[in-house]
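Top line first, the protein sequences correspond to chains A and B. Residue numbering for the first sequence follows our numbering, beginning at 369 and increasing consecutively. Residue numbering for the second sequence follows our numbering, beginning at 46 and increasing consecutively.
What the hints contain is simulated information worked out from the structure, not anything from laboratory work. A couple of the hints might just be wrong.
[Claimed, not checked] Just so you have them, the derived chain B footprint on chain A, three or more residues with Cβ under 8 Å: (1) 498-509; (2) 547-555; (3) 818-831.
No residue lacks a Cβ here, since even glycine has one placed at the ideal position from N, Cα and C.
One-letter residues, chain by chain:
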Amino acid sequence: MIYAHLPALQVALPLIAAPLCVLLRRGFAAWLLALVVTWVSAAIAVALLLQVLHTGAVSYLLGSWAAPWGIEYRVDVVNAFVLVLVSGIASVVVPYARASVGFEIPVEQQYLFWTAYLLCLAGLLGIAITGDAFNVFVFLEISSLATYILIALGRDRRALVASYQYLIMGTIGATFIVIGVGLLYLMTGTLNLSDLSNRITAVGHARPQLAALAFLTVGISLKLALFPLHLWLPNAYAYAPSAATAFLAATATKVAVYLLLRFYFSVFGHSLVFAHLPLPQVLLALSVAAMFVASTVAIFQQDVKRMFAYSSVAQIGYITLGTSFASATGLTGGIVHLFNHAVAKGSIFLLLGCVALRIGQPTVARMAGLGKRMPWTAAGLTIGGLSLIGIPGTVGFVSKWYLVLAALERGWWWLAAAILASTLLAIVYVWRLIETCYLREPPPRAEGVREAPLSMLIPALLLAAACVFFGLDTSVTVGTAAQAARTLLENVR
Amino acid sequence: MNPAGYLNYWIAILLLIVGLYILIARGNLVKKLIGLSIFQTSVYLIYIAPGKIIGATAPIVAEGFKLYSNPLPHVLILTAIVVGVATLALGLAIVVRINEVYGTIEEDQIHAQDQEPE
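Looking at chain A on its own, in the form it has when it is part of the complex (with noise of 0.2 Å):
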């Protein structure tokens, strides 16, 4: 009986808990109850997973009104991978954020920072789950607004500014949204995704439906931070509380890629983006783009929470890249990397958490001689950074190899030596933190720094050795990383 409605609890759990967690209005019982929330949430999108993975997708009206109609939730192989994605970083987050929020957040509002992480949350899963258009840009601005807030909490004050900064530009982003959404409203006379993508063919090629597609294009890459688009990512990831940057930098921007590959492959279908417009060309500029100056800004920044923000925007490049290619090996990487990026980043934001906690915000010259001070979040930082090096082990490495494949199917040699020469540039910034961590002296004062607390430390490891675990044993990612490009691919009109 409850089987059935798991796709409406995924979102109502999360959403009704936050007001509870008002209620509540103690630290302790509101992590407790984000912490039970958050782990039924995953346990459900794992239920999800394996429900679509067995008989294919699943639908389910809200209070019983027919599809075009009524909201649809409608899960397939693409939003159950990114549901189990979102909620897995969560559970891993959550049982961490309970040392870290205590030391970074005064306790009179800890409840309010577990209530914004709930709708956050909230808001990203109901993202990746419905089938109607405009109840994503609901669920867009509920996560956003929620955003905003977890950002506003860090203890520097710039944190203030980064999230204003952060909230014109995806108030912009989400309204560029809305705007492309009404087009295809007045094009077609419907809302749900798959009821528009059967009557856009019947549009054709009209003007206000490539008006709609140039919208939502600029829109979800605000929110996804592709390229130039991203200016509001740095100073956000730099300046928020820790577990919410590890949080937000795993999750947030994959959800918008996943809106962007739901919109390209379902909606608009392959032939209009792909073939018709040189919207593939321009995205594989922008992320080639992302791949080199994002890379080379991270080298020289001094606060380390800044160099893998600027990481971040590199990072997303290859998953667009991915995107660009439209082809299932393309997807496949593209896919898998949106998974590998958010484990690795998870880890190690985590872990420049438990840094933060020992000395502060952590800058390159603060972390000489970390190796020897704490020796397993240097070690964690470490497969972290190898990871987004991508070296043969790590995740990083699955994910650049199906990316080379995918160049070279087109006989693109050149994109697979920019690959591999962008991967030089991530070679110099982790390499950068490798010798100040092991290599250089610690600073005179930095006597008496020791390792976090474990509860800190080993949700942080976890993810670290997750990075390892999916670089070796690949059949659960690529595999549902293929299954999942091949749906996307499947309806190609």
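Given chain A's structure and the hints, the job is docking chain B onto it.
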């Protein structure tokens, strides 16, 4: 094609551009939010306009009426307005906090304060 027939769309596009311009050109954080609000409001008009059918009545079933306006865009925009209000409120709240810690809401002054060595 009668340009005047598209008047509502012209106005909406004008507001869209005005809002974005204020957003980019003004350094005052509150003025930026005003621009953002105008920008969002223009989108409401883009939605509402096509929902109205000339000569049609409100979508309530009654004797003697055959033509109804489409209620869905209005419902959608009601949601969008709520979202817009929430965004504006949160934006203003953040501006208040910025004013508390920086003592100013001018973008260039905030930037200058951030550049100072701590």
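field: Those earlier numbered hints the structure runs against, lowest number first
entry: 3
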